[in-house]
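Here is what each chain is made of, one letter per residue.
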Amino acid sequence: MRAPGNAPLIAGAAIVTLLIATALLSLIWTLYPAEAINIAVRLAPPSPVHPFGTDAYGRDGLSQVMAGARTALLVSGAACLLGIGLGTPLGLLAAARRGWADELTMRFSDLVFAFPALLLAVLAAATLGPGALDAVIGIGVYSIPVFAKVVRTGALRLWSLDYVLAARAAGKGGLRISLEHIAPSLLAPVAVQGALQLSLAVVAEAGLAYLGLSAQPPAPSWGRMLADAQTLYAQAPWLALFPGAAIVVAVLGFSLLGEGLRRRFEGEGRA
Amino acid sequence: MSESLLQVEGLRVAFGAVEAVRGVDLTLGAGEVLGLVGASGSGKSLTALSILRLPPDGARVQGRIRFDGGALDTLGEREMCAVRGREIAMVFQEPATALDPVMSIGAQVAETVRIHTRVSRSEAMRIARQTLDRVGLEGMALDRRPHQLSGGQRQRVAIAAAIALKPRLLLADEVTTALDAVTQARIVELLLRLVREDGMSLLLVSHDLALVAGAADRIVVMREGEIAAAGPTAEVLRSTHPYVAALREASSPAPVTSIRDPVGSPLLEAKGLVRSYLNWRVGAAAPGNAAAVDGVSLTLHAGETVGVLGESGAGKSTLLRLLLGLERLDAGEVWLAGEAFSNAPAARQRRLRARIQPVFQDPYGSFDPRWTVARLVAEPLALLEPPLPPAERRARVEAALAKVGLPPDAADRFPHAFSGGQRQRIALARALVVRPQVLVLDEATSALDVITRAEILKLLATQKAELNAACLIVTHDLAVIRAATDRVLVMQAGRIVEQGETQAVLSAPRHPYTQALLAAAPGLEAVLAGHIPSPSHGGGRGPLR
Numbered sequence: 001m002r003a004p005g006n007a008p009l010i011a012g013a014a015i016v017t018l019l020i021a022t023a024l025l026s027l028i029w030t031l032y033p034a035e036a037i038n039i040a041v042r043l044a045p046p047s048p049v050h051p052f053g054t055d056a057y058g059r060d061g062l063s064q065v066m067a068g069a070r071t072a073l074l075v076s077g078a079a080c081l082l083g084i085g086l087g088t089p090l091g092l093l094a095a096a097r098r099g100w101a102d103e104l105t106m107r108f109s110d111l112v113f114a115f116p117a118l119l120l121a122v123l124a125a126a127t128l129g130p131g132a133l134d135a136v137i138g139i140g141v142y143s144i145p146v147f148a149k150v151v152r153t154g155a156l157r158l159w160s161l162d163y164v165l166a167a168r169a170a171g172k173g174g175l176r177i178s179l180e181h182i183a184p185s186l187l188a189p190v191a192v193q194g195a196l197q198l199s200l201a202v203v204a205e206a207g208l209a210y211l212g213l214s215a216q217p218p219a220p221s222w223g224r225m226l227a228d229a230q231t232l233y234a235q236a237p238w239l240a241l242f243p244g245a246a247i248v249v250a251v252l253g254f255s256l257l258g259e260g261l262r263r264r265f266e267g268e269g270r271a
Numbered sequence: 001m002s003e004s005l006l007q008v009e010g011l012r013v014a015f016g017a018v019e020a021v022r023g024v025d026l027t028l029g030a031g032e033v034l035g036l037v038g039a040s041g042s043g044k045s046l047t048a049l050s051i052l053r054l055p056p057d058g059a060r061v062q063g064r065i066r067f068d069g070g071a072l073d074t075l076g077e078r079e080m081c082a083v084r085g086r087e088i089a090m091v092f093q094e095p096a097t098a099l100d101p102v103m104s105i106g107a108q109v110a111e112t113v114r115i116h117t118r119v120s121r122s123e124a125m126r127i128a129r130q131t132l133d134r135v136g137l138e139g140m141a142l143d144r145r146p147h148q149l150s151g152g153q154r155q156r157v158a159i160a161a162a163i164a165l166k167p168r169l170l171l172a173d174e175v176t177t178a179l180d181a182v183t184q185a186r187i188v189e190l191l192l193r194l195v196r197e198d199g200m201s202l203l204l205v206s207h208d209l210a211l212v213a214g215a216a217d218r219i220v221v222m223r224e225g226e227i228a229a230a231g232p233t234a235e236v237l238r239s240t241h242p243y244v245a246a247l248r249e250a251s252s253p254a255p256v257t258s259i260r261d262p263v264g265s266p267l268l269e270a271k272g273l274v275r276s277y278l279n280w281r282v283g284a285a286a287p288g289n290a291a292a293v294d295g296v297s298l299t300l301h302a303g304e305t306v307g308v309l310g311e312s313g314a315g316k317s318t319l320l321r322l323l324l325g326l327e328r329l330d331a332g333e334v335w336l337a338g339e340a341f342s343n344a345p346a347a348r349q350r351r352l353r354a355r356i357q358p359v360f361q362d363p364y365g366s367f368d369p370r371w372t373v374a375r376l377v378a379e380p381l382a383l384l385e386p387p388l389p390p391a392e393r394r395a396r397v398e399a400a401l402a403k404v405g406l407p408p409d410a411a412d413r414f415p416h417a418f419s420g421g422q423r424q425r426i427a428l429a430r431a432l433v434v435r436p437q438v439l440v441l442d443e444a445t446s447a448l449d450v451i452t453r454a455e456i457l458k459l460l461a462t463q464k465a466e467l468n469a470a471c472l473i474v475t476h477d478l479a480v481i482r483a484a485t486d487r488v489l490v491m492q493a494g495r496i497v498e499q500g501e502t503q504a505v506l507s508a509p510r511h512p513y514t515q516a517l518l519a520a521a522p523g524l525e526a527v528l529a530g531h532i533p534s535p536s537h538g539g540g541r542g543p544l545r
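Here the protein sequences come in this chain order: R and A. Residue numbers for the first sequence follow my numbering, beginning at 1 and rising by one. Residue numbers for the second sequence follow my numbering, beginning at 1 and rising by one.
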């Protein structure tokens, strides 16, 4: 019945599709090889030849931003999958078992919440050596309790419904009810939270990369491009501008997607 | 009629091509109580909302509405806002959602006052205090919040917010439906007193003919968007219109069971069941354990239907969950068909579960909206050992659907495609699919209108006879107890306070609580017998028989 346009969903989906397309394209084509050093054209300002300019080693800015999308999406996506993969079962367990299982899960969540993603990434780097995996672990572990809480809250509401009672009267146990009745109904809130969490993860990844705690050179990364640009910003402001804009666009895309999904699912709930 | 306060002519409400209200005329005089009766979906709520010009999204409203000599249907939204709450006020069905949970009750009542008048905050609060006193909440602090109140108290707050400015017309849409019988009677009494004191007119919308008959001067019966009958209460009640007759009959369904002597050993036996909860309730005298079920014993024999009667909060639903083995027992035991069910090893409990199946109250919350009817109905089949082959599962599901009067193609649809009554049939099919020996119904007809209720009860009686099963019906609805049960247990605060054969208990209740329940229940017989309680003399209800 209700069909007002969902602008955030359309805009968000478009931006995210563009990001993914760029990342995939960068696997087979970039304007120049992203890692190719060419001192002859170092610090060239944006021009038709180098639309985003070049850096101190003469690497092409556009090619690097394109390839950087790969790192940003890969690290954020893997971190969110880690968060969903571990957080969802924990939330389902907490709601299904209540009592001490619930208490334990939620206190564990509080504990993890107390550690910033940065600290977790530093800890991971200390044990594993620096690399993209540190960022995945740091951001991923940090988002486990986010998903656990979203799932638990939704699941607790569902557990109080008569159809779950009917399923229990049909002899189904906590695991089967969680899988058959609870989890499918929670796809919507998890998807919404996932998109919002991705937008946070993009920022977090950039932050960690800036500190050298994410993908290592020569793999291109928006955060490290910003770090490299820092000392040269007066001379070559475009070095900070383009990767910075890329981060903003990515965050905006995922946030809009999350908001759009939320509206979409709320509409469904009303129908 | 020149003195009529409200006049509705040719009201039509349509959603797309579907007309939900098809030409309704109403008149309501000053100080008059008009009952608007109809089954769910008859368009009665839409009619009330259209008077306030608050139809749901997507509705097209046509027709003339005149209030106090002026047209309402041509007023702009801004002018209409001045009418709503000031001249015409409305109280809704669900007291839990009609109040803002984060606002104190004083502020909610004062809000109406401050929207329409330019009085100071303290003056508005003073009016709120006075109004709350008038609706029987004397001494209740203004800073209480809705969640600290009972359903009946919340409804009183909602009424206070509606009448704070002494409107000329009050629209009450199913205001007592969510409440138990005793609270229902008190709320109706309150509304009638306010009508009397303020000279206000009241439009009482309800599916419950008996309730309206006890309160209204005139009744309009709606069916499928049209008026089926209208006139003075006594006249409408005696009307020979087939729909009114059906409604009247369904309001006090005739007993469909015959009392038989329980033979053999009981199918279900409960001994001294106790279940308590930690008492977190705000305002509780002392934190501690509150017993929801406190030493309840009962037996149920094959072919027998036993009712458990009690108000909300009496522990009926907890009792039922204990019997179903869905809740931990603090003490006591449950035996099913001669075997220990409570505290039994998991394997035996699973096997026994197929013999006891529930039907729950809420026809909307009872089904996973993502599952097809076939999958939902088949769910208890998981209890059968050995598992049935898929073809046979399907056959069992279709047989169960046929038994409850649903077509086989219902199996592949989703629950939202069905009406409340049909959903309750699906719930019954789900319980019947494993051919249980004991059926337990938790307020299974409470959300239904009287005609659907009568159909479901009839269906239940047939199916019970076919399976030679026993039924336990948990309800606050006296009509259901009277119509469907052989024996009744009256429950209050977790204990059984009275029990016996239904006829005997209902005709000569011994416990004061049972007497109060009976006195509170709306009875058509009394009205038909000529004891029409009119607003002018107290609005109390006559004795039941």
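Read the hints as simulated data drawn from the structure, not as lab findings. A couple of the hints might just be wrong.
[Claimed, not checked] With the C-beta cut set under 10 Å, the calculated list includes, among others, these residues of chain A facing chain R: (1) L324; (2) W335; (3) R353; (4) P358; (5) G365; (6) D368; (7) R370; (8) A374; (9) L376; (10) A427; (11) A431; (12) V434; (13) R435; (14) L459; (15) T462.
In this text, a Cβ means the ideal position worked out from N, Cα and C, and glycines have one as well.
| query | When the hints from earlier in the document are held up against this structure, which numbers fail? | reply | 2, 8, 13, 14, 15
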